[in-house]
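Listed below are the residues making up each chain.
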Amino acid sequence: MAVAAEYYLLLSAAIFCIGLFGVLTRRNALIFLMSVELMLNAANINFVAFSLQHGNLTGQVFALFGMAIAAAEVAVGIGIILVLYRNFSDVDVTKATTMRW
Amino acid sequence: MVDPTWLATAPALAFGAAALLLLLADSVDPDTTNTTVLGGIAVAGSLGSLAAAVYLLYGGVGIPTGEGGTGPAVLFGGQLVVDQMALFFMTIVASVTALVTLASMDYVREHAYQAEFYSLVLLSATGMSLLAAANSLATGFVAFELVSLPSYALVAFLKKNRGSVEAGLKYFLIGAVSSSVLAYGISLVYAATGVMRFDAVATAIQSGTVQTVVDGSVQAQSSGASVQMSILGVGIVMIIGGLAFKMAAVPFHFWAPEAYEGAPAPISAFLSSASKAAGFVIAFRAFAVAFPIGALAETGGAVDWFVVFQVLAIATMFIGNFAAATQETVKRMLAYSSVGHAGYVLIGLAALTGTGDGMSLSMSAGMAHLLVYGFMNTGAFLFIALAEYWGVGRRFEDYNGLGKQAPVACAAMTVFLFSLAGLPIGGGFFSKFYLFQATLNVSAWSLAAALVINSALSLFYYSRVVKAMWIEEPTGERTIDSYPTGLYTAIVAAAVITVLLIPGFGYVSEVAFRAVELL
Amino acid sequence: MAPVSAPLPETLAELAGLDPNSVPVLVLMSLIGAAFIGSLMLTQTALVIWAKRKITAAFTDRIAINRVGPAGLLIIPADAVRLLSKELIVPDGVDRPAWDLAPLVIASSALLGFAVIPMGNGIHLADPEVGLAYVFATASIASVGLVMAGYASNNKYSFLGGLRAVAQNVAYEIPLILTGASVVIFAGSLQMSEIVAAQSQTLVGPIPSWYAFVNPFAFALFMIANLAEVGRNPFDIPEAPTEIVAGYQTEYSSVYFVLIYLGEFIHIFLGGAIIATIFLGGPAGPVLPGIVWFLIKIWGVFLFTQWARSAVPRVRIDQLIEIGWKGMLVLSLANLLLTAVIVGVIA
Amino acid sequence: MSNPWIAIGALAVVALAIPISMMVVSSLLRPSVPEQGKTATYESGEVPTGSSQKIKFNIQYYMVALLFVVFDIETVLIFPWTVIYRDAVSAVGMTRALLPMVAFIGILAVGLGWAWRNGAVRWVRSSRATKGADTYE
Amino acid sequence: MLVETLLLVTLLGAGIVMLAPDRVAGKLAAGISVIPVALTTYMYYVFLTDYNGAGNALLSPGEVAFGTQVPWLNLGEYTVQYYVGLDGVSMPLLALTTILTTLAIVSAWTPIDERQSQFYGLMLLMEVSLIGVFTALDFFLWFVFWEGVLIPMYFLIGVWGGPRRKYAAIKFFVYTNVASLVMFAGLFALVFATDVTTLSLPAMATAFRTATGLPTIAGYSLATISFVLMFIGFAVKVPVFPLHTWLPDAHVEAPTPVSVMLAGVLLKMGTYALLRFNFTMLEATARQLAVPLAIVGVVSVIYGAMLALAQRDLKRIVAYSSISSMGYVILGLVAFTPLGMGGATFQMVAHGLISGLMFMTVGVIYNTTHTRMVGDMSGLADRMPWTAGIFVAAAFGYMGLPLMAGFAAEFFIFQGAFNAATLGASAPVLTSLAMFGIVIVAGYLLWAMQRTLFGSFTLETDYEVGRAAFHDVAPLAVLLLLVIALGVAPDLSLDMIQHAVAPLTGGGA
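Chains as they are written, first to last, in the working numbering: chain A, 747 to 847; chain B, 17 to 535; chain C, 10 to 356; chain D, 31 to 167; chain E, 42 to 550.
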């Protein structure tokens with residue numbers, strides 16, 4: 747009962763695009779962060795799916811790294827968003843315009 | 017072969033060890049602000065890394081044993097390869113880090129979180145050194161993130177400073193997006209080829225069949241499935257996009273001016289020199305080894321990417337330099353000019369001929385420019401750090417008459433700026449000429465013209481600063497009471513090296529050329 | 010190693026004389042088996058709730074429910090009916106979907122875990138290779154439900170309760186998992202059946218090579234972490250009645266309250282099941298059939314939690330955090346490395 | 031053997047079905063007597079003030095959460111090692127199997143120690159709480 | 042090894058002076074700058090005795106005097122060497138450089154009163170680059186020094202200059218840099234076309250002279266195009282009409298010692314480079330384009346003189362007249378006759394000395410009167426007789442009085458150009474037109490002198506005018522002596538020059 751690789755590809759592409767859409771449209775930094783995570787996990791889906799397809803573990807290992815990196819990114823990101831909130835009392839990414847954007 | 021092999025990564029290890037040592041020191045005494053100790057550890061670590069890198073570089077690691085070298089050091093089944101190119105870039109990173117840490121000692125002296133600052137810098141440097149040696153998309157990506165994550169925090173390091181936080185945010189947002197784009201691109205390449213090691217990817221592309229790596233050796237996938245060129249092409253384009261971010265190349269350059277302007281100036285120096293070099297080394301290796309343009313052209317389907325790079329290079333050069341010419345603040349001008357320099361270095365990838373000498377020529381030109389640039393640009397930004405330390409304003413006019421009060425530093429700055437502009441008082445002249453020659457070698461006239469025009473243009477806005485420093489009369493009263501030792505040492509050292517790179521450019525270019533040949 | 014016994018659905022298929030390899034049959038049989046396990050657990054839980062009242066009474070030297078039926082056993086259906094027929098009060102300004110979903114999540118997440126637990130006599134619904142990881146995953150879903158409940162019910166007590174619950178769960182999750190990992194080092198597999206099988210030899214004399222005996226240190230750690238996970242004293246600050254009324258469940262009534270309450274106890278039961286499986290040799294035991302031994306072990310763990318609940322004072326949140334991050338985490342890391350060294354030496 | 035996830039899915043169905051059925055039953059049984067004041071959230075009898083969903087709570091919950099994210103991911107990276115550890119020891123010898131993990135956990139420990147010393151895991155109590163707490167300690 | 046010593050000593054001196062305290066800087070710099078003078082004099086002597094017959098450094102590199110040649114670096118396929126040496130053309134110019142620098146430094150003691158150490162340091166730095174320019178025989182080395190001259194000059198004008206110094210400095214900087222870029226492009230078009238790989242001047246010379254089948258763009262041979270580009274590039278330095286506009290500003294705004302260097306040496310860099318690159322490497326093309334080039338030269342002669350007529354500012358007068366005298370050099374060069382080319386080269390030296398002298402004199406006058414306007418003063422002669430005397434002498438030298446260097450030079454040029462084969466029929470016309478230029482300058486200078494020096498003393502800006510200090514007048518005297526010496530015995534340098542240009546003019550003096 748194996749699913750054809752193309753479907754995984756479609757799924758991940760869809761998720762990636764959803765994330766991208768969120769990145770481009772949302773102004774709330776936290777939602778932005780979630781969208782980025784979505785994009786990263788789309789990549790992970792590819793990795794796991796194709797590591798099954800190709801029958802080597804490289805992809806799964808990379809997926810583990812991907813998770814770890816995503817977590818670290820969130821940690822840093824939350825920190826930055828916190829100081830952002832302290833300085834601008836808002837998490838709207840378009841509010842912070844001390845310099846030209 | 018270095019024995020044991022893992023010692024070949026000594027440059028990276030030195031950084032990492034120093035970073036951990038700093039954390040330990042901070043754990044021993046959490047609220048220490050003893051800059052001498054903390055900064056000392058950091059500087060020592062960077063110098064150690066530099067020493068290791070240079071020693072290995074001239075110890076012939078990566079040069080085949082037949083030619084008196086000790087061969088490349090291969091670790092983790094080819095995931096990391098320490099060869100001449102890696103060591104070349106490790107040298108760049110280490111020297112820039114040494115300068116930056118040295119200069120930071122004065123910059124963060126009053127700051128509460130010094131240990132964190134230094135360890136973040138060193139961790140990022142560790143990532144850069146690893147990135148230089150990464151021989152696989154997997155290790156490349158991990159090292160890439162190890163470079164990025166600390167730098168996000170570093171840019172936003174001045175928590176109370178709105179500019180710094182905003183810069184950090186923007187840097188982080190764009191960085192996060194581009195790294196996920198990179199990850200997705202990698203996943204597509206893996207989907208197409210079934211492997212991530214650069215040489216294996218190359219084999220897959222050449223043979224047109226999905227490969228797999230069985231304990232270190234590349235072999236065709238048992239199923240014998242063929243490589244999906246379309247998927248591969250999309251993947252390559254996305255990888256270019258992801259890397260363009262770290263190189264601060266158009267169209268992913270938006271963060272650069274913001275981040276460089278908002279960040280603490282030593283960090284701007286660090287990012288614009290070392291981080292950029294790191295971005296380029298992975299690009300060089302990936303596109304030289306993993307996606308050989310010749311094979312791609314034959315097998316067809318996938319993009320021939322050097323056209324993409326030509327467009328990127330020209331666009332980056334023009335946008336960077338013209339934007340720089342219109343700036344009103346010195347730091348931002350430098351930021352944009354560093355975008356422009358990214359364009360120059362991109363020539364290294366844009367003026368390729370399939371393989372052989374043409375490739376070595378263009379890439380080594382890019383590498384040489386990165387090294388020279390590493391010193392002159394770091395020095396320039398460190399001068400900005402000095403100005404900020406003195407409370408000099410950010411606009412050109414605020415630098416008026418600075419030459420009277422701080423002749424040495426200003427002389428150094430003059431050297432940096434003219435060298436950046438390509439006047440032959442610094443290595444910048446030769447590296448630019450080297451690039452110029454690389455473009456003519458493949459008779460890419462558009463690139464050559466862009467290079468020349470932009471160099472001429474850059475002279476204009478660089479000399480604005482020089483004019484302000486030496487010729488203009490000081491406006492208003494400015495008192496410079498202290499002359500910070502660390503910053504001065506770093507700046508003067510950078511200036512001296514920049515000048516010495518005129519007679520010494522020969523070594524640089526030869527090592528670079530050799531390194532690319534050996535890829 | 011082959012699993013000790015074929016998983017439940019296939020056994021059922023054999024019994025029903027159907028082809029155990031056709032998917033529809035398997036689906037059907039799986040549903041049957043799942044229903045069986047679910048009902049089994051529910052009954053157990055109902056008993057547990059009765060037992061809890063009895064035990065607490067005994068500890069506090071009272072006579073608890075004894076009117077309805079023998080030893081008040083009939084209180085169980087009585088309670089069920091009573092609670093189900095109560096009016097459901099929806100407080101003002103609750104975040105409706107979250108508020109409604111929370112009880113569902115809490116109740117069903119705990120049940121999910123039992124899918125991979127081998128209960129002896131072939132009562133073993135599924136046996137995936139990643140059984141242990143799966144069971145940890147399901148066990149930690151509950152905290153999501155808790156924070157949902159706490160956030161949604163628009164009540165400061167609930168909110169604090171939810172936050173505390175999350176803080177506690179995350180703080181003790183890592184020691185829990187790391188200790189479990191130390192077991193995996195011995196067993197060399199995440200598959201439940203293999204972990205059980207690995208405990209089937211004898212250690213010295215009559216003592217079986219249960220990991221509780223092989224690595225008592227890990228066992229102790231796991232028990233403590235498990236207490237925190239299921240939110241029982243000394244780690245019951247999420248619903249500390251004397252501090253924040255009833256924590257996240259303050260605003261819940263009627264069937265929702267039942268579900269949350271049930272969920273907690275199923276969770277306790279799941280914790281017991283995990284401990285029984287990876288530390289106490291699963292269903293292994295003399296004379297009596299495996300399922301009985303298995304239930305005995307779970308009840309043993311349950312009794313321990315009840316004893317702790319009555320005997321150990323509650324910790325403050327700051328103590329909780331410090332114990333978790335400074336004590337348990339370090340100890341479990343040490344335990345992991347220690348186990349690795351020992352295994353490396355003997356292997 | 032057959033795919034275990036079928037059974038697991040089945041259990042998931044059951045695990046959802048049971049509570050839902052209970053809800054349905056109860057909704058059939060229970061009365062509904064809407065009445066003013068009954069729906070006020072419980073605040074020890076006081077009139078509820080403000081909404082609990084907008085209150086700012088202790089930042090340290092974030093700290094703990096971040097710490098958890100980091101360490102939980104580390105466990106993800108540890109698990110594969112634990113699974114293959116036995117075979118690895120027999121294959122490449124103990125040191126080569128163990129040392130990398132020792133280094134990994136060592137680095138982790140350095141990080142934890144740093145967080146510890148810099149008070150990331152110390153629960154700072156408000157003065158009032160401290161005053162109350164002293165009596166217990 | 043002598044050349045290296047020269048460079049190193051001067052560089053070291055520059056560093057020392059930079060760090061020295063302001064009040065001693067002037068004397069120190071002067072003292073240090075004597076060492077190069079001594080060295081060059083010795084070299085000059087050795088040259089006269091040993092190498093006098095040495096040919097052109099580019100065409101017969103075997104006989105280069107004081108040559109050093111070591112590989113430096115490889116840029117891809119190109120090998121760049123450290124290659125220096127002297128021949129009959131560069132030797133006199135080298136001597137001129139060192140001597141003028143010393144004198145200019147001495148003459149700077151009075152006018153320069155702020156940031157002295159930096160000023161003198163930059164002067165010495167510029168001297169290093171100039172020495173390099175005249176000695177380097179490898180293109181890259183040469184180019185490094187060539188550009189290296191600009192940066193000190195930029196600061197010298199920009200920091201210590203007059204009221205409009207910023208404008209002047211920037212103008213100078215931009216002009217010369219763009220010029221170098223154009224020249225660079227032109228040269229490298231040829232380099233890539235003839236795929237010469239060692240970038241030493243002799244190698245390039247042989248390659249270009251023997252180059253065949255160069256591509257043609259829009260009907261013109263690449264040689265022609267590069268020639269024009271390079272000519273433009275160097276003509277800015279010379280300067281040649283119409284690329285001269287930076288010069289008057291630079292001269293007027295620059296402090297006197299700087300304009301001495303500017304007029305005395307920097308302009309010669311242009312003609313020197315023209316001789317080396319355009320007229321040696323691309324001799325054939327130069328011969329073809331001789332007439333238009335000569336016309337350009339003559340035009341700048343007349344034009345410079347005409348503009349000089351319109352000036353009231355002594356400095357501007359000298360500046361413009363130096364444009365016209367550089368025009369003679371072009372004329373002489375294109376003649377491709379021994380006398381013409383030799384005279385032109387000789388004129389570089391002579392004009393270097395004389396214009397330096399003029400500027401210094403004007404400077405001395407300005408230091409005391411604080412004005413340079415012809416109308417503002419008169420009758421200075423009886424207040425500052427020495428200065429006045431030297432001024433007169435200098436002016437005569439300028440208008441080519443016999444027994445002065447200027448006379449010899451211009452005489453040779455005209456004689457050489459009058460029947461130059463390259464110019465063909467137009468030669469006499471052009472030459473006589475050029476001569477006409479002298480007359481204008483001469484007349485105008487006489488008038489200006491008469492206005493300022495003689496008659497009854499008046500001074501608009503009422504300053505106390507006394508005799509100039511000794512260290513102001515001494516350099517003037519030295520220069521005057523040199524001018525006369527060269528005028529009396531032109532063979533001191535003309536001889537070696539003749540030998541050096543002989544290969545170009547078809548041998549034989």
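Hint data in this document are derived by calculation from the structure and do not stem from the laboratory. Hints should not be assumed to be uniformly reliable.
[Said to hold, decoys possible] Not the full set, but computed from the structure, chain D residues with beta-carbon under 8 angstroms of chain B: (1) R60; (2) A133; (3) I137; (4) V140; (5) W144; (6) N148.
Source: prediction; values computed, not measured. Heads up, the beta-carbon is just placed ideally off N, CA and C, and yes, glycines get one too.
Status of each hint after checking the structure:
1. Hint status for D:R60 relative to chain B: violated, with the closest Cβ pair at about 49 angstroms, above 8 angstroms.
2. A hinted interface residue such as D:A133 counts as satisfied when its beta carbon comes closer than 8 angstroms to some beta carbon of chain B; here the least separation is about 10 angstroms, so the hint is violated.
3. Against a cut-off of 8 angstroms between C-beta atoms, the interface hint on D:I137 holds, since the closest Cβ of chain B lies about 7 angstroms away.
4. Annotation: D:V140 was flagged as interfacial toward chain B, and the flag holds, the nearest CB pair being 5 angstroms apart, inside 8 angstroms.
5. For D:W144, the interface hint holds, since its Cβ comes within 8 angstroms of a Cβ in chain B; the closest pair sits about 5 angstroms apart.
6. Taking 8 angstroms as the C-beta contact cut-off toward chain B, the hint placing D:N148 at the interface holds, the least distance being around 5 angstroms.
Comparing the model with each earlier hint shows violations of hints 1, 2; every other hint is respected.
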